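Modelling step: build the complete structure from the supplied sequences, incorporating the hints.
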Amino acid sequence: MAEVKLSTHGAETHEGHDHEHSDNFITKYIFSTDHKMISKQYLVTGMFWAVIGGGLSILFRLQLGFPDMDMSFLRPILGGWINEAGQLDSNFYLALVTMHGTIMVFFVLTAGLSGTFANYLIPLQIGARDMASGFLNMLSYWFFFLSGVVMFISLFLQGGPAAGGWTVYPPLSALEQAIPGSGAGMTLWLVAMVLFIISQLMAGINYITTVINMRTKGMSFSRLPLTVWALFLTAVVGLLAFPVLFGAALLLFFDRSFGTSFYLSDIYIGGEPLPHVGGSAVLYQHLFWFLGHPEVYIVILPAFGISSEIISTNSRKPIFGYKAMILSLLGITILSFVVWAHHMFVSGMNPFLGSIFMFLTLIIAVPSAVKVFNYLTTLWRGNIIFTPGMLFSIGMVSFFISGGLTGIFVGNSAIDIQLHDTYFVVAHFHLVMGSASFFAMLAGIYHWFPKMFGRMMDNRLGYIHFWLSFVGVYLVFFPMHYIGIAGFPRRYYSFTTFDFTDKYTDLNMFVSVAAIITFAAQFIFLFNFFYSMYRGRRASANPWRANTLEWTTPINPGHGNWPGEIPTVYRWPYDYSKPGSKEDFIPQTVPLAATPESNLPHEKELVKVEREIMEEEGEALIIDEPKGS
Amino acid sequence: MYGFLIALGLVLLVAILWMVYRIQTLLSLAKKSDKKYVSGSNRINAILMMVFLIGMGILLFWYSIKEFDNYQLPIASEHGVITDRLFWITTAVTGVVFLITHILLFWFGYRYQYKENKRAAYYPDNNKLEVIWTLVPALVLTVLVVTGWKAWSDITSPAPDNAHQIEILGYQFAWEIRYAGRDGQMGEFDYRLISPTNSRGVNFADKNALDDFGAQNVVVPKGEPVVFRIRARDVLHSVFVPHMRIKMDAVPGMPTMFWFVANKTTAEMREETGDAEFEYELACAELCGNGHYSMRKIITVLEPDEYQRWVAEQATFIEQDPGLIADLPDELKELAAIKISESNK
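Those protein sequence lines, which keep their order, are chains A and B.
All letters in the first sequence, in the order written, are residues 1 to 629 by the working numbering.
All letters in the second sequence, in the order written, are residues 1001 to 1345 by the working numbering.
Any given hint could turn out to be false.
[As the list claims (entries may be wrong)] Simulated restraints on C-beta separations: (1) B:L1139 to A:E612: 46 to 52 angstroms; (2) A:F145 to B:E1272: 39 to 45 angstroms; (3) B:E1272 to A:G86: 50 to 56 angstroms.
[Claimed, not checked] Okay, derived cross-link-like pairs now, DSSO-like style, lysine-lysine, Cα gap no bigger than 30 angstroms in a straight line: (4) A:K323 to B:K1128; (5) A:K503 to B:K1207; (6) A:K217 to A:K503; (7) B:K1207 to B:K1222; (8) B:K1118 to A:K604; (9) B:K1222 to B:K1339; (10) A:K323 to B:K1118; (11) A:K608 to A:K217; (12) A:K503 to B:K1066; (13) B:K1222 to B:K1150; (14) A:K604 to B:K1128; (15) A:K28 to A:K40; (16) B:K1031 to B:K1115; (17) A:K608 to A:K323; (18) B:K1031 to B:K1118; (19) A:K582 to A:K604; (20) A:K604 to A:K217; (21) B:K1118 to A:K582; (22) B:K1207 to B:K1118; (23) B:K1115 to A:K582; (24) A:K582 to A:K608; (25) A:K582 to B:K1031; (26) A:K503 to A:K608; (27) A:K582 to A:K323.
[Stated by the list, open to error] Quick look at which bits of chain B chain A covers, simulated, 3 or more residues with Cβ under 8 angstroms: (28) 1065 to 1075; (29) 1186 to 1199; (30) 1218 to 1225; (31) 1253 to 1264; (32) 1304 to 1310.
No wet-lab data here; the hints were simulated from the structure.
Owing to the predicted nature of the structure, the values given are computational and were not obtained by experimental measurement.
By construction, the Cβ of each residue, glycine as well, lies at the ideal position given by its N, Cα and C atoms.
Structure, rendered in structure tokens:
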């Protein structure tokens, strides 16, 4: 890591570099400490889990859409989980729902999204050679990998994986008598989560340290791209929230294995009373949601960052209200810690607490609304180029609006009495955090693929992928609002047992078909991704004509990112279509002194400061002195 | 055989798609269209934005109007009228925002699509605008929150003293019902007393328990306050009565409650819905195991006088099974005998 220290200025960095290229296969592709390779590892692992998580949802959508279907053809994969009559086992249905939630929330939208883009973009966009600790970064990935291995093994257990819902509320998750999935499957779930938390904490510490300490010269916080702001705050949220889940999991582990009574009390099950007294099941819910709610912001904040960057670049306009965007990110970060109990309005907790959390929850709608209006104003009077990344970012904004607005219903405790734990909630969070961040993740992949692999993804396949997914996601989740208003509870294996749910079989079938098509459309993306990695058109250095630092690296950046010295930053990242400038973008590395024709009044003052600093450093301006200044 | 044909079909489909993709790529190479900064697809995507907006908009309105009576459940409780009004007010407010923001999003996409000779506006901020659209949502939300808060405080306020006490005990995978009897006091319970003959764990040493009785269905008088005393025996459950807009978790070790006033009898509801077999249903809304989807209990709402008659007909636990009080001290047995003879009058 010697060159990191030398990296600020001076020609000596040139030498430190060429020695680095003696990587062998293992140090380059497996136990790599290079942030770009670790990012790709996160990405591919995330994609693997997305296919698994999505596949599980298709299985339970088959059950919900076609309850009478003969599923014997799935027996080669699912074995005993398909019973004699060709029906899906009802315990396994719950396991599917649980694993789908766990995998999507933690492995795909937390590790896959933050892991990929924080690792890739933070050093490249702030102008650093690598993460603060490459080794910790590598450990973080491998703990995540291990966590995935444990979770994957749990899928194949005799009793099935954990089946108490992704929130694993005790006593259901604590008592094997209550459901088979709460046996070994639940133990592995807890072990996997503990490994995952360790991985996230190591990653988070690294991201935060890197952003605070390793920004290149001139890269003040007020010049950071919004992606970095968002990923930075995500790491802060994760660092504060994940340890609480660790605590909750540990106590649950004690209750399960050592006979403690943190969450258990007054239980009579399997024909006998249990000795536990004095515990509180609601305590677990408080601890879980203290992580669980910030977790949804861990998932959505990077999505805000990515879409802000892409929308600004492809509208050829500065992001509207850069400061307001940062303030709303900060507001959401802080508020995310004081709204958790809105998941628990009817859990039996004190209703007064419910009123407090209703007030706090609806406050969070304000910064969210500001973000949406700012996205819209950024598009307004732009010169919009619909790259696949741009399309997915627009899709993300649309999902965020649709899902965010229903948050105003479920955040209102009086309305939530009826809607809680119905399909309305399922529709709400799948749009606002599931699909929105999934789309931002796809947008990010399309947008930074040229930097990652030096080649372009195919645009037309990207367009097909987008429109199928966009329409598909709406056709899957929008109808769920109606069946939610009609009172359909979630996590129901079958809807024929009640008169009030014994309808909408056609709509459920429709949703399932839409889900299958949407899932199938993702394979277009997978093909495009892997094909383009090897056979795609070669990318130019700055294919989207963007301002941020990562596009000043070589097309295939090596270890250390910049072959020479790290560029200095002279301006904010959103100087698109600045009046007076010939090109419609001015990269962050172009000094204000070099662009007198487009400088704003207050920037003319800054030119003087810029000069003074350069003289102190004994540097000459590389760019020609402008005439007449 | 079928499997083979499907597999063959899939392989062919993939092969065809592959060919189309290759041809298309070669064509674009030949036409050099991939070298252009912005290709013709930009216009197509812009048009699709509008197509999507209009198409989905029509679908949304058509389905929402056509299906209204199906997804809008009739309301059968007094507080349900209030929460549903809040729901529809919120729908109106958010609906307007939903439409405006989406129209702007897709229309901007179409209107400001890339033109070669055009340049985007440099418009980085406008404090006035930002203040406006911070304050307006804040104001609207305040109104929504305050009305919601008022409704919530009323609903969760302590039950009136004259409320009928009904205990609902959830377990895997059914509900047990208990009435407080003519003294209006529910007898104590202890989970360690649960046995095959005493599935609710009622403590019959508590004299309030002596006139308690069980019931197959939940029976509720119309127009009078009723309080559900909710508890669970094994894992979490949740009492959910969709037509009455009731939901409250059942937590082992922590009794919860929900009080309400039913405002339509089952008979009235049968008339309103035109369904002669309509029954109010109680479902479980908190995942509790593999029978979660089948915890059905029927709720019958009667006119108050019908309800009184029904109550009078019910036999108490100790009448039905004298064995329950076999172990009690003698003076309590005497008391029990008096209670039984009273109720048989």
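The hints, checked one at a time:
no.: 1; hint: B:L1139 to A:E612: 46 to 52 angstroms; verdict: 47 angstroms, holds
no.: 2; hint: A:F145 to B:E1272: 39 to 45 angstroms; verdict: 59 angstroms, violated
no.: 3; hint: B:E1272 to A:G86: 50 to 56 angstroms; verdict: 40 angstroms, violated
no.: 4; hint: A:K323 to B:K1128; verdict: 14 angstroms, holds
no.: 5; hint: A:K503 to B:K1207; verdict: 47 angstroms, violated
no.: 6; hint: A:K217 to A:K503; verdict: 64 angstroms, violated
no.: 7; hint: B:K1207 to B:K1222; verdict: 29 angstroms, holds
no.: 8; hint: B:K1118 to A:K604; verdict: 27 angstroms, holds
no.: 9; hint: B:K1222 to B:K1339; verdict: 28 angstroms, holds
no.: 10; hint: A:K323 to B:K1118; verdict: 27 angstroms, holds
no.: 11; hint: A:K608 to A:K217; verdict: 17 angstroms, holds
no.: 12; hint: A:K503 to B:K1066; verdict: 15 angstroms, holds
no.: 13; hint: B:K1222 to B:K1150; verdict: 24 angstroms, holds
no.: 14; hint: A:K604 to B:K1128; verdict: 25 angstroms, holds
no.: 15; hint: A:K28 to A:K40; verdict: 12 angstroms, holds
no.: 16; hint: B:K1031 to B:K1115; verdict: 21 angstroms, holds
no.: 17; hint: A:K608 to A:K323; verdict: 24 angstroms, holds
no.: 18; hint: B:K1031 to B:K1118; verdict: 25 angstroms, holds
no.: 19; hint: A:K582 to A:K604; verdict: 18 angstroms, holds
no.: 20; hint: A:K604 to A:K217; verdict: 20 angstroms, holds
no.: 21; hint: B:K1118 to A:K582; verdict: 13 angstroms, holds
no.: 22; hint: B:K1207 to B:K1118; verdict: 87 angstroms, violated
no.: 23; hint: B:K1115 to A:K582; verdict: 16 angstroms, holds
no.: 24; hint: A:K582 to A:K608; verdict: 23 angstroms, holds
no.: 25; hint: A:K582 to B:K1031; verdict: 29 angstroms, holds
no.: 26; hint: A:K503 to A:K608; verdict: 73 angstroms, violated
no.: 27; hint: A:K582 to A:K323; verdict: 26 angstroms, holds
no.: 28; hint: 1065 to 1075; verdict: holds (count 5)
no.: 29; hint: 1186 to 1199; verdict: holds (count 3)
no.: 30; hint: 1218 to 1225; verdict: violated (count 0)
no.: 31; hint: 1253 to 1264; verdict: holds (count 3)
no.: 32; hint: 1304 to 1310; verdict: violated (count 0)
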